[in-house]
Each structure stands twice: as structure tokens, then as C-alpha cells.
Amino acid sequence: MDTLPVEIIEKIFKNLRFSDLKQASAVCRLWYGVYQRSAFMSKMVVHFKKELTVATMALFLASDCRYQNIRFTSIPFYDLAKSKRNLCRRDVIHEDEDFITGLRKLLDKFSDSLQLISLCKCNLERTRFHEFLQALPELKVLEVEECVFAGEDPDETLNLPKLKQFNFKFPEDEVQRFESGHIYGWLVGNSCCLTKLKLQLCVNEMFGDLDSDLWYQVKAVAKLVRQHKKTMKSFKVDSFNDPCLKMLVFEDDELQLEKVVLGELKLRTDDQVFYDFVAKHKKIKKLDIAIESQLDANNDLYLKAICENLPLLEQFYFDMSRSSDSGLEHLQKLHKLKNLVLTKNRNTIALTEHCFDHIFMPNLKSLGIYYKDLQLPAVQQIPVSFPNLMALNLSECEKAVTDATVQLLFQSLPTLESLDLSKCKQLTEAAFLGPARVSALRKLKDLVLEKCPGVTDVSLQTFDNRALRSISVAMCTRITNVGWEALCRGCPNLTWLNASHCTRNFDNESARIVATMLPELEILNLFKNAALTNEAVYCIVENCRYLEDLCLTKCRGVKMKKVEYFDDKMNRVNKECLKGRKVVP
1 MDTLPVEIIE
11 KIFKNLRFSD
21 LKQASAVCRL
31 WYGVYQRSAF
41 MSKMVVHFKK
51 ELTVATMALF
61 LASDCRYQNI
71 RFTSIPFYDL
81 AKSKRNLCRR
91 DVIHEDEDFI
101 TGLRKLLDKF
111 SDSLQLISLC
121 KCNLERTRFH
131 EFLQALPELK
141 VLEVEECVFA
151 GEDPDETLNL
161 PKLKQFNFKF
171 PEDEVQRFES
181 GHIYGWLVGN
191 SCCLTKLKLQ
201 LCVNEMFGDL
211 DSDLWYQVKA
221 VAKLVRQHKK
231 TMKSFKVDSF
241 NDPCLKMLVF
251 EDDELQLEKV
261 VLGELKLRTD
271 DQVFYDFVAK
281 HKKIKKLDIA
291 IESQLDANND
301 LYLKAICENL
311 PLLEQFYFDM
321 SRSSDSGLEH
331 LQKLHKLKNL
341 VLTKNRNTIA
351 LTEHCFDHIF
361 MPNLKSLGIY
371 YKDLQLPAVQ
381 QIPVSFPNLM
391 ALNLSECEKA
401 VTDATVQLLF
411 QSLPTLESLD
421 LSKCKQLTEA
431 AFLGPARVSA
441 LRKLKDLVLE
451 KCPGVTDVSL
461 QTFDNRALRS
471 ISVAMCTRIT
481 NVGWEALCRG
491 CPNLTWLNAS
501 HCTRNFDNES
511 ARIVATMLPE
521 LEILNLFKNA
531 ALTNEAVYCI
541 VENCRYLEDL
551 CLTKCRGVKM
561 KKVEYFDDKM
571 NRVNKECLKG
581 RKVVP
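Each residue of the sequence shown is one higher than the one before, counting from 1 in full-length UniProt numbering.
Hint data in this document are derived by calculation from the structure and do not stem from the laboratory.
Yeah, the Cβ is synthetic: ideal placement off N, Cα and C, and Gly gets one too.
Don't take every hint at face value.
What the hints assert, rightly or not - With a straight-line Cα cutoff of 27 Å, these simulated DSSO-like cross-link-like pairs (lysine-lysine) come out:
hint, residue 1, residue 2
1, Lys445, Lys365
2, Lys344, Lys285
3, Lys230, Lys196
4, Lys344, Lys423
5, Lys50, Lys121
6, Lys528, Lys425
7, Lys219, Lys280
8, Lys425, Lys445
9, Lys259, Lys285
10, Lys399, Lys344
To be verified - Restraint-style ranges between C-beta atoms, simulated for each label pair:
hint, residue 1, residue 2, range
11, Lys162, Val54, 27 to 35 Å
12, Lys223, Glu353, 48 to 56 Å
13, Pro311, Thr101, 52 to 60 Å
Let the hints inform the model, and build the full structure from the sequences given.
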């Protein structure tokens, strides 16, 4: 067997999480022993997931690489069994001293290089978490998502002078929402220049006590916006209903945003405040907004104000639940708009089959419509109203996407590079066997056909797309080995394949076909294909030299308890190939 060149090894390890290699200790030690000084390693995201031990941290402590990004997922930072939680926040926390010492050493080692730290669904003790953050003076991005906090608040303010981005998401447990948002207060006293703020607020007009924990969070967020209004360019908040915060964001003249996401924006008597906001923020390039008004007619006026006052808008995500056909016509005033997503989050909708008839947007490159009740004539109008589309997502328009619709798209939108027709249950083989074939889309690079009954052995034989790089046929259970061979022959340059949930139709022979005919594969998803065994894994690893991500979750026939195969394969790496390469001191 030829030795793997270092460029391939770099590509293999580039996006792998540490937990993906937890069963192959010899591979891990070879990885760190040979490549720990390679420049590409410093920028990879080191992902600790569920299992984090002192021995694991010792591996990283022995590394010479200066890591910049670390992510923790589902890790308890204290002993959950021995600790006691109390709603009055007089918690008794029991910590493992060896674990805390190891974690402290790990963060101290990378304190000068670490720029991103992300925590998702972790159990955190407030004072200890505050201590760890204080040890990271170079931190630029802090992400805290669905974490559970315990213990007392620290007395000192947070000091992260280089922090630029902060993302926060509440845990699912409603009780924890009262306590986890106190991290907003920590950031208020921090001397930095935030440019991006993404957060959640669990507040509504009927909340009640203005001295409660949740109102404390709103006040802290208002202070954050006020403190960083001169540098902040991106602002995202869910449940944007607090009058004080709306007044601050909408009326402050010094706040100049470029990216804005306002979830569940409720306007009652403050319509003029919103009009003034869009009239003032001329630099906004990305807007994601869902407006709920007492009068349906107002939504057309809001859309008109947006389209007339934001000439630089390039990405627009709009909830059209209460808009009318005439209201959507204002969209064509956005001459620089490249990406448009129209969603429906409520039951009320005033759109008809003629909603796109009077719209012409030749500059639009990407269109996504998430509305399952959209009517057939509206979809047939898309090539006329948006003639130069490069990306089209109709995955939620199951009623309007028929065989005739797909034939029209193949014939009328030759510039398409990305097409999503997943969940379109009305499609049959005729959609791909008609006069217009998918091969007519010569520039097509990304195709999604998940849960599409029209994808069969016969329809796949019409595929002849050399430019296609990515395809998803998940939950397409009518494909056999004949179809897999036809797909690989017609699309030989695929680098991304999702064949998950294909049940017993994807077996070892299917894996052999894919592995031998698609040598350029980088990502292969085989989730929940019960017919696969270890033989399939061996074949894939032997033939797909560029593979970065291989998902075999819930493939019951795959038993990878022994690591000798992988150890032997990785030990064939020619260590001499590293000589003469530039290394990080």
C-alpha cells in the first residue's frame, strides 16, 4: 500500500473531533506525536464531547501546538451526583480536584492563543466558570448554549478586553432560564468592543415583577447594547418584546447595524418607532424579521418601509404569514438583494396563486420558500419572476412541486447550482424521465432529494452531472445497487454523499460501489443503514483517501471494538514526509 502523503493526512484530521478517535488510542498518540507541530492544527476546533478525562487533557498538555478554538459539549464541570441544587441558589457543589486542576492547566497552556471557547449543554459552576474565562485574555468569541448554571455569582466583573462576539441560548428547562441569563450582567462591566451580539430573552409584556431575574436580564442586555452601540454591527435577539430594549435599539442614533435578526417582533402602538428605525439604518445588509401586528394590513406597510429604506440589503429573511400579493411586490425595489427566504410561521396568510405574477427580480441569486400550502401557479411563475437564480429551495412546498414543475425548472433555470426538492412527496419517476433531464443543469453542484419517492434506480440512470459535488438521497428507500452504480457513474466527482436511512438497500456491496467509484469523497453519511458490516468500513477507508467525515451511527452491523486495523493503517504513514515542512515553533 502507498504511504499517505501529509496533505491527505492534514485533510483527514482537519475537521475531526477528538471524541471521534477516542477508541483508537494509538491513532491519537501517532496523530499528536507526528503532527502536533503542523500549522493547520492550531486553527482546528478541538471538540471535547461527553467524555473528558484527566488523561485526555494530558495528551493536549503534551502538545506543542498553540490551539485557538475549543468546544465543550455535554460535559459536567462538577460532580452532579454528589452536588445538591436549590431553587434559592444556595447550591452545594462538589468538584473533582484532579479534573479542575487538569482543566486549569489546559486553559493556562493555551491562554495566549485561545480565541474561541464554546460550551453547549454543559453543567457549569458560576465562580469556576468566571475564573476560567479570566484566564483567557486573547478570547474573541464566547458561545454559551443551553448550559445549566449552579452556585453563587462571582463578586468580580469579567475582564475580556478582546471579546468581539457573544452568543447565548437558554437551556430547555424553564426554571434554569431564570438563572442562566445572569451571564449578561457579567459582560456589562467588561471593557471590550463587541461587534456581534446573539442572544435570547425570555420576556413578554405580561411578565409582571420588574425586580425579577428575567427583567434583570433585559436591563443587562439594554446596557450591553448601549455600551457597545458604536462598534456593534450584528444584533440578533429572540422574543424582542421588551419596550425599553426596543426603544434603545430603534431610537439610538449612534447604533449603526449591518446585520439584524429580530424574532417575534410585536408591534402594537409603536409602529412609527419601527419606521424610524429602518429609515435610519441604511447600512443594513442582512435582515431576519418576523412581525406580528394587530392589523394584517400593517404587514404590507412594514415590508414597504423595509424595501424603500434599506437599499444595501443583500440577505432578507421575511415571515410572509400576514402579507398580501400586493405587499410582496415591494420586494423588487431591493436591487442589491441576492438571497431571499420567505417563511410562514402562522396559520393566517393572504397570498394567492398570483403572488409572484407582478414581481421581476433579475439580480436575485438565491430563493427559499418555506410554505407547504403554496399553490402550483405560484411555483410555475418562479422562473419568470426570478430568471437568474443559482440556488432554489422548495423543500417545504410539497403541494406545489409536481412532476411538471420539476420539468419546468430543469428547462427554465439552466444557471441553477443548488436545488432542494426534499420532502416533495408528489414527485414520481416522470419528474426525471421527461424531455428535460437533470443533466440539463450543467452547473448544478448541490442537489437535495431527501424523502423523495421519485428517486429510484430508473430515475438515477438519467443523472449525468459532472459538476455535481454534493447530493443527499436520505430516506430514499427505492434505490438498489443498480441505482448506486448509475449515480456514481453519472456523477463521478461527488465529494459529499448523504445515503442515511436507506435501510437494508444500502449494504456492503453498495459501500464497495460508492468507495471504488467515488474516490474523491470527503463526507459520507450512512446513518442507520443496518445492512452494513465492518467489511464496508474497511473498503471505504481503503479507497476514499480524502475522507474527512464518516458517519456510521446506528449501523448495528458495524462492530469497531478493535483498533488494530486503523492503527496498522495509520502507522504506514511515512514520517519522513514531514521533513523540510514549515513548523510552528
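Each hint tested on the structure:
1. Lys445 with Lys365: holds (15 Å)
2. Lys344 with Lys285: It holds: about 22 Å lies between the C-alpha atoms, which stays within 27 Å.
3. Lys230 with Lys196: holds (12 Å)
4. Lys344 with Lys423: holds (17 Å)
5. Lys50 with Lys121: With Cα atoms ~10 Å apart, Lys50 and Lys121 stay inside 27 Å; holds.
6. Lys528 with Lys425: holds (22 Å)
7. Lys219 with Lys280: With Cα atoms ~24 Å apart, Lys219 and Lys280 stay inside 27 Å; holds.
8. Lys425 with Lys445: Holds, at roughly 23 Å.
9. Lys259 with Lys285: Holds, at about 6 Å.
10. Lys399 with Lys344: With a Cα-Cα distance of about 15 Å, the restraint between Lys399 and Lys344 holds, given a limit of 27 Å.
11. Lys162 with Val54: 27 to 35 Å: Holds, since Lys162 and Val54 (Cβ atoms, about 30 Å apart) stay within the stated range.
12. Lys223 with Glu353: 48 to 56 Å: holds (49 Å)
13. Pro311 with Thr101: 52 to 60 Å: holds (57 Å)
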